[in-house]
Amino acid sequence: MAFDNFAEFLAMGKHGAYVWAAYGISLLVIAANILAPILRQRALRIDIQRKIKREKLES
Amino acid sequence: MFATIKRLYHQFGSPRYFYDMTGKMLPWLIAGAVLLIIPGIVWGLAFAPPDYLQGNSYRIMYIHVPAASLAMGAYVMMAVAGVVVLVWRMKMAEMVARSIAPIGASFAFLCLITGAIWGKPTWGTWWVWDARLTSMLILLFLYIGVMALNMAIENAQSAARATAVLSIVGAVNIPIIKYSVEWWNTLHQPASISMTSSSMATEMLIPLLLCIFGFYFLFAVLLIMATRCEILQREQRSNWVRQLVENN
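Just so you know, the protein sequences line up as chains A and B, in that order. FYI, the numbering for the first sequence is 1 to 59, going by our numbering. FYI, the numbering for the second sequence is 1001 to 1248, going by our numbering.
Only chain A is shown next, with the shape it has when bound in the complex:
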């Protein structure tokens, strides 16, 4: 462990704000990257299912 206690870990010397801001933004960007294809896949499946249903009704 490079820090003596948890408060020091949060403080990161004098650079707590910088380090945690960088990691926070990274977490957001990565989470958005993971969420986007999951939501898109769900929307696509619903859309395709609807199209198939409509075609069946028409024929």
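What the hints contain is simulated information worked out from the structure, not anything from laboratory work. The structure presented is a predicted model; accordingly, all values stated were derived computationally and were not measured. Heads up, some of the hints might be wrong.
To be verified - DMTMM-like mimics (lysine to aspartate or glutamate), calculated; alpha carbons at most 20 Å apart, straight line:
#1 B:1091 <-> B:1235
#2 A:53 <-> B:1246
#3 A:51 <-> B:1235
#4 A:51 <-> B:1246
#5 A:56 <-> B:1235
Following the hints, put chain B in place on chain A, whose structure we already have.
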């Protein structure tokens, strides 16, 4: 060896094979990403020693360097996919190239923003117009250009050909980014690690390597997930996609 590569190339050129195969690969790639990134980040944040010059602000490196490496690696991959699109007209390469752009853009953005946050306590400024930073910003703009071009052209195949040309031409920026710290005087420090050597302390280097490899696994996961959406969208008229969607 060559025969195997050729067979794999043709197999993965089929959207259905790609979809099935990557579905099986995904859990392993996710496990790889988690098992590399989480120990890498925890080690880098809490256990690696502070830098004797920069103190603790250097810990931003464990995000910044993997993001930078990935933004450039993804661009090269997009340009290679572009060559395949133009030369062999492979549909699967069109979908992969299209899926890379937003992921690459987000990592280029991440590299720039973490770099700016790291720059403030280290250099005393968020931003300078020097060679490394500017060429990296151009990389982000190239990604955005590719995305805009993809969205502007209705026909997916025409869009893929046009963006392939843009991404191949833009690839000239990649060696400029890489060697900018050697060719020009910049505020940015030169590379501390290469394929064969490292000037970094081992306790700092190992978590960094974990993070870099982990980010590549993460990229594989993100790319596969995005490409699978692209396949569903473009192949929605085919029987196998209809069956797949109907069955669950």
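Numbers of the earlier hints that this structure fails to satisfy, in rising order: Structure breaks no hint.
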